[in-house]
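Student: Sequence:
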Amino acid sequence: MAQQQKHDAVTPQEALLPPQLYRYLRQHNLLDVIRIRPDGGFDIRMRAAMKQDQMERILRLAGRTRATVGRDATLLQKFDALKPAQRQAVVNGLRQRTHNTDLTQREVRAILNDQMTERPLSHSQRAAVVEHVRSLWNRVPMPRLPSPGGIDAFLTNAQKGVLARTSTQQNRTSGVIRRQYTLELRIDNRRGIDWQDFSRRVLPRYESLRVLYLRENDIGDEGARALAQALPSLTSLTTLNLRGNGIGDEGARALAQALPRLTSLTTLYLSYNEIGDVGARELAQALPSLTRLTTLNLSGNEIGDEGARALAQALPRLTSLTTLTLSIKGIGVEGAWALAQALPSLKSLTTLYLSGNEIGDEGARALAQALPSLTSLTTLILSINRIGAEGARALAQALPSLTSLTTLDLDTNRIGAEGARALAQALPSLTSLTTLDLSRNRIGAEGARALAQTLPSLTSLTTLTLSINRIGDEGARALAQALPSLTSLTTLTLSYNGIGDEGARALAQALPSLTSLTTLDLSYNEIGDEGARALAQALPSLTSLTTLNLSGNRIGDVGARALLTARRLNGLKIMLHRNRLSQAGQQAVNWLFP
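So the sequence shown is numbered by the working numbering: it starts at 14 and just counts up by one.
Worth flagging that the hints you see were computed from the coordinates, not collected in a lab. Small disclaimer: the values here were computed from a predicted structure and weren't measured. Cβ atoms here follow ideal geometry from the backbone N, Cα and C, with glycine treated the same way. The reader is advised that the hints may include incorrect statements.
Unchecked claim - With beta-carbon atoms standing in for the labels, derived distance ranges:
#1 Arg203 / Arg330: 30 to 40 angstroms
#2 Gln382 / Ser277: 27 to 37 angstroms
#3 Gln382 / Gln270: 30 to 40 angstroms
#4 Pro329 / Arg203: 32 to 42 angstroms
Generate coordinates for the entire structure from the input sequences, incorporating the hints supplied.
Tutor: So, in structure tokens, the structure goes:
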């Protein structure tokens, strides 16, 4: 039942998109073209097969207020020397366009044909480009450009109505210059590319390339072998992203042979492929050569304990590593012990992701022995790992050493009330903590009471998530006593907790102290009209609140009327889906929050 309720809850798209845009996308099964950003804005990524009228309708409904139009962003691949921020500024200048076109596929095809096509611009588009680039040139130094003349040439082309360099077949010299100064190449979510041809004819010519993104392109083992032959020529490469490409052990073996030549590499993403223990062993032999590596992501592969042991042997050589992501699903106790022996060598490590594995209590104990050595650690993610009370106690003993920790995520484990009590004792030492997630841990009212005693020490906490813990009214009352001390809190999530009117009243009395709160989620509890009225009385004090989620409760017309009457007219969105409203009450809510 809880799973069905969660499925029916309001989606981020529904909450943040303009209502007419959301309805249009849902009606035409196009919601996947929207990506919600952490800042509450959204990006639009048009599908290659979309009709022109659909694209125009989406852009018109979006109003282009907060959206970054994905197709316009692809134009910037032609501005080879501009930095990302500078490229985005030019995108802003192009938003006067009256239509949108797919350039990505065309550009890839053009690159494979060793030419860049010309694209005429309208008068308003030329003026926008010239204005924005001139303002950038006056305000921001652009050391990546070959010379100030590069901007002049670009402006000249823009004023002539051309948004691309001339064809390399027409001007071989300009083509060489373009490739020489290309620093970043992105080809995402494309199928049917001949990767052997691409690797043989294209990559070797981009000798100064620093960033190569080839995400979700169905490269496979054969494509990986072809890429591996070209990669050694990219001696300046710092970032290689091959996420989601179906690369297996054979492809990993080929890439491993190329990696030692990439001595400048700092970031390596091989996540969400099909690499198993064999491929992990091959990669582990190559990794020690990457002495500058700061980020390694192998999440979503098929690596088990054997592969984890091989990787653990390579880790001590990666002394520059700051981010290690091994959310793999296959690492158990043995793999955790092997990693724990290697982790103390990573003195620069700031972020450790080990979510979605099966380390259990024994694996947690092993990691706990390594944690005190990781004094630079700021983010520790151990969600979905079958950690119980015993593992929580071991971690709690190690946590006070992590004085720089800002994020602790133990979501979806089994720590229970006993584990919550142990962690609560460690919290006062974590004075830098900004995010705490203990969702789905069965802590109950007793665990909530234990946490409430020490939460006031976390004065920097901005996000507290305790969903699906059945804390009930008693736990809500305990937390309410701690909330006034959490003056930095911006997000409080207590959904699926069996909180009724009594708990809601207790929380309502504490909420006015949370002047920075922007999001309050009390969805799928047991709050009725009385609790809703109590919360309504707190709303005028919550001047920063933008989202109040009360979906899936027992609120009727009386409670809804109190909430809607009390809400401020400064953008507060109240979600009341799946409550006990009459038809007229639901119509009123739908009219206010379409």
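Student: In ascending order, which of the hints set out earlier in this document are inconsistent with the structure?
Tutor: Failing hints: none at all.
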